[in-house]
Amino acid sequence: MPITYTSNDQVEVYRFGWPVAIGVPLVAIFFQAFLPLRFHFFSTFDLPFLVTVFFAVARRNPASGLFTGSVIGLLQDCLTHQPIGLYGIALTVVGFGASSLGARIDVENVGARFLVTLFFYIVHEVVYFVVARGMVGLTLEWSWPHELGSALANALLAVALFALLDRFKRRT
Amino acid sequence: MENLLSRYRNVTILVAVLFAQVLGLAVQVRRSPDQTSGRLIRVWAVTAITPFEKAIVWVQSDFRGMWRNYLYLRGVRQENRDLKDELDRLRLEQVRLKEDAAQARRLQALLGFKEQFISRTLAAQVIGSSGSSQSRTVYIDKGKNEGLDTGMPVITSDGVVGKIWQVYSSTSQVLLLDDQSSGVGAILETSRLQGVLRGKPSGDVILEKIMADEQVQPGEKVLTSGGDQIFPKGLAIGSVMKVSRSADSFLTIRVRPSADLSKLEEVLVITHREQKAPAVSQTNMRAADILAMRLPSVPDKPAEDPNKPGAKTAAVAEPDAGSTPKVVPPSGAPSKPDTSSATDRSPKSAVPVIAPPASKPAPPTSTPNQGKPQ
Chain A
26 MPITYTSNDQ VEVYRFGWPV AIGVPLVAIF FQAFLPLRFH FFSTFDLPFL VTVFFAVARR
86 NPASGLFTGS VIGLLQDCLT HQPIGLYGIA LTVVGFGASS LGARIDVENV GARFLVTLFF
146 YIVHEVVYFV VARGMVGLTL EWSWPHELGS ALANALLAVA LFALLDRFKR RT
Chain B
48 MENLLSRYRN VTILVAVLFA QVLGLAVQVR RSPDQTSGRL IRVWAVTAIT PFEKAIVWVQ
108 SDFRGMWRNY LYLRGVRQEN RDLKDELDRL RLEQVRLKED AAQARRLQAL LGFKEQFISR
168 TLAAQVIGSS GSSQSRTVYI DKGKNEGLDT GMPVITSDGV VGKIWQVYSS TSQVLLLDDQ
228 SSGVGAILET SRLQGVLRGK PSGDVILEKI MADEQVQPGE KVLTSGGDQI FPKGLAIGSV
288 MKVSRSADSF LTIRVRPSAD LSKLEEVLVI THREQKAPAV SQTNMRAADI LAMRLPSVPD
348 KPAEDPNKPG AKTAAVAEPD AGSTPKVVPP SGAPSKPDTS SATDRSPKSA VPVIAPPASK
408 PAPPTSTPNQ GKPQ
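Top to bottom, those sequences are chains A and B.
Using this note's numbering, you'd call the opening residue of the first sequence number 26 and step up by one each time.
Using this note's numbering, you'd call the opening residue of the second sequence number 48 and step up by one each time.
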């Protein structure tokens, strides 16, 4: 599971075509809204979060990563009945963090992807929890076993999903 | 300064984007009761997503209908036989319930009681969800164009599902019973205790505001009380799963919803309700007659045999044979009908007169009538 430190010149920076950059997040949000109704276990996964991490790590540009996270999060917020911005803020932080990390270390291998997703899932949940409780006044319950279980499930899915999304990458 | 900003360009953008979102959130939280904040962006997002969901659900239901109605017909004969048996059983039950309903209507009319009737419902298909475990909502394929409005109750044949939260032109968002911002006025079926049903962040449904000294048994059914002015009274919500005492002076009652909220496919939206006094089929009976039959009354004086002085009657046992019958006023009558000393003044009643045991202390001489009004 090597996570190697590389200089900015050494790491590969990828870009994506517009159809992919717009279509993949929309499909992720669509599946996130549709699949849990048919397969209840699917509510454990967070596809918009995974897509945010994937684009952020591949582009390795913090500004681009935070904007991608912000837009995906705000779209995700629109389908809920909560105030808009809860997922927006959480995914903005995740997008910025993942792209900043991606710019410094090689996160292209399976082990690194697993660990990065695991870590940022917890970050995502902590930010959401703090904003939802502190600003909106929602009564949320924090449960470490539940959060770690969800983080593991998402990290495993990330490994498979990122391998699939790698096909859409284009080298700069 | 310029150098500083360019050096920390990414962090500056992050702070700016976060600040903008926090500001927007603060504005929405302040305006949250009117539910209009961020309306346009929600409309765009819902309009972009729901057509695809509708299309998939439509194709899926078409295929399923073709499979179930034309191809997979195994066991249909047996099912048909079972249904016929059940129909016969239900017909018998219906006869009994008709009598009870007629009696209830007469009493309600007598008390000037007004009932709420579900006069119109609209069937809708569930096409999507919010995709978030913190927002337990689903989308249905009917909206403003079909006459839906916010706050309308949503049910299935099993029980209550939730209420409409947001209405768009051709879709609506339904807030489920197990969301933490939902609340339903509820009543326990047998103990008649009333409380408020709320969802928890974990997805559990809890009945609150029932005092800790009350007795609630697991398995008891929970119905809508009608007190919230949203759900009509008497709809099934669920059953009691677990009862525990909380730190305050209330019980924490965990309820299992009757409707399976994780597998919703089709729902009914109650679009119209009527409030009217129940119609009484028999108009020839006066209210005073019904009242006379229901209230505790003085029993008929038994015919005494002049040849047997001081003889006791079967219907009324007097402790002192020599004394005159004592009349108990209605206010002092027992609240529960006592069949052991019941006498029927209704000429049509078939309730037998039962003699009390000799050793029993003097029963009240005035008893409620047990005969059903015809």
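These are computed hints drawn from the structure, not numbers from a lab.
It is possible that some hints are incorrect.
Simulated coverage check for chain A against chain B, where a stretch passes if three residues somewhere in it have a Cβ under 8 Å from a Cβ of chain B [as the list claims (entries may be wrong)]:
{"#": "1", "segment": "58-69"}
{"#": "2", "segment": "81-91"}
{"#": "3", "segment": "114-123"}
{"#": "4", "segment": "153-163"}
Among the chain A residues that face chain B by a calculated CB cut under 10 Å, a handful are [as the list claims (entries may be wrong)]:
{"#": "5", "residue": "49"}
{"#": "6", "residue": "51"}
{"#": "7", "residue": "73"}
{"#": "8", "residue": "101"}
{"#": "9", "residue": "103"}
{"#": "10", "residue": "134"}
Okay, the calculated beta carbon distance ranges per label pair [to be verified]:
{"#": "11", "chain 1": "A", "residue 1": "188", "chain 2": "B", "residue 2": "180", "range": "56 to 62 Å"}
{"#": "12", "chain 1": "A", "residue 1": "67", "chain 2": "B", "residue 2": "205", "range": "58 to 64 Å"}
{"#": "13", "chain 1": "A", "residue 1": "133", "chain 2": "B", "residue 2": "123", "range": "53 to 59 Å"}
{"#": "14", "chain 1": "A", "residue 1": "63", "chain 2": "B", "residue 2": "294", "range": "35 to 41 Å"}
{"#": "15", "chain 1": "B", "residue 1": "289", "chain 2": "A", "residue 2": "63", "range": "25 to 31 Å"}
{"#": "16", "chain 1": "B", "residue 1": "289", "chain 2": "A", "residue 2": "131", "range": "48 to 54 Å"}
{"#": "17", "chain 1": "B", "residue 1": "293", "chain 2": "A", "residue 2": "159", "range": "24 to 30 Å"}
{"#": "18", "chain 1": "B", "residue 1": "180", "chain 2": "A", "residue 2": "192", "range": "39 to 45 Å"}
Don't be surprised by glycine CBs; every beta carbon is placed ideally from N, CA and C.
How the hints compare with the structure:
1. 58-69: holds (count 6)
2. 81-91: The restraint on the segment 81-91 of chain A holds, since 3 of its residues have a Cβ under 8 Å from chain B and three suffice.
3. 114-123: Three-residue rule met by the segment 114-123 of chain A, so holds; n is 4.
4. 153-163: holds (count 7)
5. 49: Violated - the Cβ of residue 49(A) stays beyond 10 Å from chain B, reaching only about 14 Å at its closest.
6. 51: OK, holds: residue 51(A) within 10 Å of chain B, min 7 Å.
7. 73: 8 Å, holds
8. 101: Residue 101(A) check passes; min Cβ-Cβ to chain B is 7 Å, inside 10 Å.
9. 103: Hint on residue 103(A): holds, closest Cβ of chain B at ~3 Å, below 10 Å.
10. 134: 25 Å, violated
11. 188(A) x 180(B): 56 to 62 Å: Check failed, 26 Å falls outside 56 to 62 Å.
12. 67(A) x 205(B): 58 to 64 Å: 23 Å, violated
13. 133(A) x 123(B): 53 to 59 Å: Holds, since residue 133(A) and residue 123(B) (Cβ atoms, about 56 Å apart) stay within the stated range.
14. 63(A) x 294(B): 35 to 41 Å: 40 Å, holds
15. 289(B) x 63(A): 25 to 31 Å: Roughly 29 Å apart at Cβ, these two residues keep to the hinted range, so it holds.
16. 289(B) x 131(A): 48 to 54 Å: 51 Å Cβ-Cβ, so the 48 to 54 Å window holds.
17. 293(B) x 159(A): 24 to 30 Å: 25 Å, holds
18. 180(B) x 192(A): 39 to 45 Å: This hint is violated: roughly 30 Å between Cβ atoms.
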